[in-house]
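Trainee: Protein chains in written order, with our numbering: chain F, 1 to 171; chain H, 1 to 171; chain V, 1 to 171.
The hints are simulated quantities; they were obtained by calculation from the structure and are not laboratory data.
Just so we're clear, the structure is a prediction, and the values are computed from it rather than from any experiment.
Some hints here could point you the wrong way.
A pair holds if it fits inside one copy or across any two, identical chains being indistinguishable in the list.
With a straight-line Cα cutoff of 27 Å, these simulated BS3-like cross-link-like pairs (lysine-lysine) come out [as the list claims (entries may be wrong)]:
#1 Lys105 to Lys169
#2 Lys3 to Lys169
#3 Lys3 to Lys105
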Amino acid sequence: MAKSILITGGARSGKSLLAERMTLGLGTPAIYIATAEAFDAEMQDRIGRHRARRGAEWDTLEAPQDLAGVLARSDASGRPRLVDCITLWLSNLMLAGRDWETEVKALTELLPTLHAPVVFVTNEVGSGIVPENALARAYRDAAGLTNQRLAGTCDELWFCVSGQPLKVKPT
Amino acid sequence: MAKSILITGGARSGKSLLAERMTLGLGTPAIYIATAEAFDAEMQDRIGRHRARRGAEWDTLEAPQDLAGVLARSDASGRPRLVDCITLWLSNLMLAGRDWETEVKALTELLPTLHAPVVFVTNEVGSGIVPENALARAYRDAAGLTNQRLAGTCDELWFCVSGQPLKVKPT
Amino acid sequence: MAKSILITGGARSGKSLLAERMTLGLGTPAIYIATAEAFDAEMQDRIGRHRARRGAEWDTLEAPQDLAGVLARSDASGRPRLVDCITLWLSNLMLAGRDWETEVKALTELLPTLHAPVVFVTNEVGSGIVPENALARAYRDAAGLTNQRLAGTCDELWFCVSGQPLKVKPT
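The shape of chain F in the complex, shown without the other chains (with noise of 0.2 Å):
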């Protein structure tokens, strides 16, 4: 089994940055995996300056939704890959309807069986005080849940506090 890594964090807690130090630290050139999909300027805007800042050692992938299935492509390259971010792509599969229980499952049971590492930047969104909005429960309560199981199968996972990464698993 490869090495998987999952950081979580608040959002700008340098979990991007720190991801991708960490993926070029298991080899060179890496496949950066973007979950985004760009609706409006703002987000744009934000993938556009990930990806200036990441530069020529990277190639990009896209997997706004199949996720398990473009790891699952990648893997021959032996390449180490960042994925990011996974509540992007929990979010992308909740607007399409698809049943993100069966799709997390699909991505634990896939990462034992890969050959090239991964690295997995998620986001800490359950800390602040109960949402009004029902919808926004039930996407906070599926990245908790997201969270959990993907921690549960990957070797390590680190907590960025202010840029600063803290190591949860191992301990």
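Starting from the known structure of chain F, arrange chains H and V on it as the hints suggest.
Mentor: Relative to the frame of chain F, chains H and V by itself:
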């Protein structure tokens, strides 16, 4: 003084499952002290799933408001208690117009006198954007202060990240 | 370079009390640098309670916007400074229409030149659901980036959980 443990984390961070394991590790059968009141179908469903997961090693007591009383009366059993959860208890007290600071004081003064262990589950609710709603601000302030006072009294404090426990106290 | 410490955590997580203890541990009397501006009764009340708790070991300076200037001018005293808090300072800059990135850069460039120690308090605001409000999203992005830059420059980073400190940097 019997062992006391506080487990905190965001929504769906695996706190309840960790707490159940820790409580059973302190002795079986154990006592589950539910603070939840089932107002609606969403909550009823959540309570049902938690109860089904716990199974036969547990008895259940209810303490939506009189938590110190229920802990005092169940102490002679010598059995470990799991209180799930403090933030719901606090919410019940505030909705009932009771003085939560007095109740928290009663709880933290009771703890050192107990003979049987207690594990508390609570929630992080103060790491999002400041709520616009004054009641929500008052609640998150109360939750933060309650967590501080309880963590100051308990022997151990654990922070759950994506289902993985991080020991905060003792260091 | 004098010692610099950043303390972060959610609302009511005990950051201010921890910061006061750490600052007094670096020397007395100390200087409290308040970034708060009292707009309303709720804030006035909070400021009053904090001031009463600090007592006679502290002098107070105010720096709602010109934080780098106040730190530079108070440095010759040799006394430890406590800045409480960075997220309010950032909010003041944004409300005044000032370029917060320039101000943060001035602050992080000043730090290595200081002779007297500084302890900063900041807030985690990015671990809840993404705010619907664009201004709130911009603010939480700015707060996250500011915390990253400050934590990258400071010698120590502490994360407060339920009033208990967790050291994140150095590991």
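Trainee: Look at each hint and say if it fits the structure.
Mentor: Here is what the structure says about each hint:
1. For the homomeric pair lysine 105 and lysine 169, the shortest alpha-carbon distance inside one copy (21 Å) is at most 27 Å, but the shortest distance between copies (34 Å) is not.
2. Taking the shortest Cα distances, lysine 3 and lysine 169 sit within 27 Å of each other both inside one copy (13 Å) and across copies (25 Å).
3. For a Cα distance limit of 27 Å, the shortest separation of lysine 3 from lysine 105 inside one copy, 18 Å, qualifies, whereas the shortest one across copies, 37 Å, does not.
Checked against the numbered hints above, the structure breaks none of them.
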